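Starting from the known structure of chain L, arrange chain Z on it as the hints suggest.
As given, the protein sequences belong to chains L and Z, one line each in that order.
Under the working numbering, think of the first position of the first sequence as 3, with each following residue one higher.
Under the working numbering, think of the first position of the second sequence as 3, with each following residue one higher.
Don't take every hint at face value.
Claimed, not checked - Derived SDA-like pairs (lysine to any residue); straight-line CA-CA distance at most 25 Å:
1) L:LYS194 - Z:ARG223
2) Z:LYS194 - L:ASP222
3) Z:LYS98 - L:GLU139
4) Z:LYS98 - Z:ASN44
No wet-lab data here; the hints were simulated from the structure.
Given the structure is predicted, the values throughout are model-derived calculations rather than measurements.
2 protein chains.
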Amino acid sequence: MSQDPDPYTHRQARLSAALQRTGLEALALNPGPSLVYLTGLNFHLMERPVIAIFAPQAAPTLVMPELETAKAAALPFPAQVFPYGEDPSTWQEVFKRAMQAGSLDGRQIGVEPTRLRFLELRFLEGAAPAAHFVSAEQPLAELRMCKDEQEIAHMRRAVQIAQQALQAVLPQIKPGLTERQIAGELTLQLLKAGSEAEFPFAPIVSGGPNSANPHAAPSDRPLQTGDLLVIDWGAIYQGYISDITRTFAIGPLEDELAAIHRIVEQANAAGRAAAGPGVTAEAVDQAARQVIEAASYGPYFIHRTGHGIGMEGHEGPYIRTGSQLRLQPGMTFTIEPGIYLPGRGGVRIEDDMLITPQGAASLSDLPRGLTHLE
Amino acid sequence: MSQDPDPYTHRQARLSAALQRTGLEALALNPGPSLVYLTGLNFHLMERPVIAIFAPQAAPTLVMPELETAKAAALPFPAQVFPYGEDPSTWQEVFKRAMQAGSLDGRQIGVEPTRLRFLELRFLEGAAPAAHFVSAEQPLAELRMCKDEQEIAHMRRAVQIAQQALQAVLPQIKPGLTERQIAGELTLQLLKAGSEAEFPFAPIVSGGPNSANPHAAPSDRPLQTGDLLVIDWGAIYQGYISDITRTFAIGPLEDELAAIHRIVEQANAAGRAAAGPGVTAEAVDQAARQVIEAASYGPYFIHRTGHGIGMEGHEGPYIRTGSQLRLQPGMTFTIEPGIYLPGRGGVRIEDDMLITPQGAASLSDLPRGLTHLE
Numbered sequence: 003m004s005q006d007p008d009p010y011t012h013r014q015a016r017l018s019a020a021l022q023r024t025g026l027e028a029l030a031l032n033p034g035p036s037l038v039y040l041t042g043l044n045f046h047l048m049e050r051p052v053i054a055i056f057a058p059q060a061a062p063t064l065v066m067p068e069l070e071t072a073k074a075a076a077l078p079f080p081a082q083v084f085p086y087g088e089d090p091s092t093w094q095e096v097f098k099r100a101m102q103a104g105s106l107d108g109r110q111i112g113v114e115p116t117r118l119r120f121l122e123l124r125f126l127e128g129a130a131p132a133a134h135f136v137s138a139e140q141p142l143a144e145l146r147m148c149k150d151e152q153e154i155a156h157m158r159r160a161v162q163i164a165q166q167a168l169q170a171v172l173p174q175i176k177p178g179l180t181e182r183q184i185a186g187e188l189t190l191q192l193l194k195a196g197s198e199a200e201f202p203f204a205p206i207v208s209g210g211p212n213s214a215n216p217h218a219a220p221s222d223r224p225l226q227t228g229d230l231l232v233i234d235w236g237a238i239y240q241g242y243i244s245d246i247t248r249t250f251a252i253g254p255l256e257d258e259l260a261a262i263h264r265i266v267e268q269a270n271a272a273g274r275a276a277a278g279p280g281v282t283a284e285a286v287d288q289a290a291r292q293v294i295e296a297a298s299y300g301p302y303f304i305h306r307t308g309h310g311i312g313m314e315g316h317e318g319p320y321i322r323t324g325s326q327l328r329l330q331p332g333m334t335f336t337i338e339p340g341i342y343l344p345g346r347g348g349v350r351i352e353d354d355m356l357i358t359p360q361g362a363a364s365l366s367d368l369p370r371g372l373t374h375l376e
Numbered sequence: 003m004s005q006d007p008d009p010y011t012h013r014q015a016r017l018s019a020a021l022q023r024t025g026l027e028a029l030a031l032n033p034g035p036s037l038v039y040l041t042g043l044n045f046h047l048m049e050r051p052v053i054a055i056f057a058p059q060a061a062p063t064l065v066m067p068e069l070e071t072a073k074a075a076a077l078p079f080p081a082q083v084f085p086y087g088e089d090p091s092t093w094q095e096v097f098k099r100a101m102q103a104g105s106l107d108g109r110q111i112g113v114e115p116t117r118l119r120f121l122e123l124r125f126l127e128g129a130a131p132a133a134h135f136v137s138a139e140q141p142l143a144e145l146r147m148c149k150d151e152q153e154i155a156h157m158r159r160a161v162q163i164a165q166q167a168l169q170a171v172l173p174q175i176k177p178g179l180t181e182r183q184i185a186g187e188l189t190l191q192l193l194k195a196g197s198e199a200e201f202p203f204a205p206i207v208s209g210g211p212n213s214a215n216p217h218a219a220p221s222d223r224p225l226q227t228g229d230l231l232v233i234d235w236g237a238i239y240q241g242y243i244s245d246i247t248r249t250f251a252i253g254p255l256e257d258e259l260a261a262i263h264r265i266v267e268q269a270n271a272a273g274r275a276a277a278g279p280g281v282t283a284e285a286v287d288q289a290a291r292q293v294i295e296a297a298s299y300g301p302y303f304i305h306r307t308g309h310g311i312g313m314e315g316h317e318g319p320y321i322r323t324g325s326q327l328r329l330q331p332g333m334t335f336t337i338e339p340g341i342y343l344p345g346r347g348g349v350r351i352e353d354d355m356l357i358t359p360q361g362a363a364s365l366s367d368l369p370r371g372l373t374h375l376e
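Next comes chain L alone, as it looks inside the complex (with noise of 0.2 Å):
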């Protein structure tokens, strides 16, 4: 499949359509995902603040450092370029001039809640006084969350590379290996198998009692034969990530542990087959819950059943309870119940599911049944 040289035009109109409906007069983005999405352009968040405005029947305006203007001179569409320099005590004029030329105070401006920083929040404020910020969660999440072919492709690579990183490494696994020195094969794997080098998240390696924290981080602790094993690990290929858990066991396990990766094991299953085009993220939520609420495992599944993925480690369509949202073609998300048994092991299984026009497939797809490694 070949790139589209300039996909961002067409992105950046769907924006403004999505910002009039829900009463937008302008978008403030600062380097993340979204900026991405919408310009190819790609800074790293540091303490110098980088802003791009978009409003409709405008080009994008962007304010940034002097040093960075190349990226913007190479961009494929117009943009209006308010660069500043290396004194900070600068910035504020300039930003005050991108705005005046957007004649954006008093206006309603959309941010991204989980990007924008007080840092720029507040540069924003101060050329703009009498503008409003609020969330463009929202019509962020809307033009982001239908994947078009080219992303889905991105996606199932992501996986592939991850899929395979693990298999090259499951071989060596054994008691005595620590958590931490599984991860840091398993991260050398995903860089040989293809992955970018900006992970979206570093694997979570966990074994015993580790286990039964979700996010634990990987420790010293050498596994020991009756351990459960969690890996959760993805990659990530042209900026599209992919995030799978798979639970081992390291030798004979109890048979209560045993009996809770079979749980997951139905509940994952589930989730899978619940989920389709128009039906409610919570319908998705309750077919993998009630599975473990059916076996009184209920208060040991401790978060939602699962998240959406793309350019981001979490984003939408949040899989939980409450949340009406219908899922759509083109939409991707995690599913991936857990049972959690505190001091003694958690078992997770989590796959990455795609909404297709006749229901749903998932992107990966190794056995998710109980492996013993030794």
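Relative to chain L, chain Z alone:
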């Protein structure tokens, strides 16, 4: 050197003193290096808000998701935890209870401008409508700028790892290899040499005309004879980073490109020689800058001379025009002058410096002279 299990209580006491000196009544921090520094708590910034509130004479207060509370339970100091569940509509109330417990409404509350997001700010404002949220950049910089012995040991190790990785890659570099291939191999070697996987930044590998862009992303352009090749890379060890740049020649160079390498090498040496306790950041910038200006390349040195490093890729002290900050023992920062000739090529030579009681030491010591790779 053994790890201190609780450096945090002492750091929190130093924070209280720094807040009082700057007239702040509390600090509201979200996840990031400052939170790790003060508590050891590590979270990924995602869609769930996490806030720690520090006020003199009170135990730290944490607002966080229920599913992360195991992390709070493991802290070596007392903390007051306000956990919330999976339904976002319940979060504002939990923030309100936390702010009320600390009697924080109406107070002057510091925040970290480059970390705090619109997401958390709006919850904080909703919970304490009469509070003033202001930048705590200065007390936080004061707190973290001078590194202790253990921090310096971690940074030395991060430098060693980075240098070892580059030395493993250099013999493989030759015309025809792409920037992206070299960046991938360098990333692999960083992990093999012992870097943690959450890199502070992905390596910059930029050849030929791309090297004239200080923040270029590695491209698919193959190296050619006559190219300058800038490699800007770093490792991370125990959360502390290194950040080094060297510039190489692919085969013979045009005279002017070789000449700018010599000038930048002299500017780097002048900056290193000028650094020491009591010297202003501006004086170090000037020492490096004058060498480049004297050679008539001033307009092509388009950034400041350096920035602090430690737990972040960019932090105080910034080595720039106008900064009257006086360097003190324990401060760590880069010296990285550069000359960038648009369309032709650029040179940057960057070292990681430590201010000592007697002067300044470069933690990085790879050769700085022009090396020809073929």
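Which numbered hints does this structure break? none
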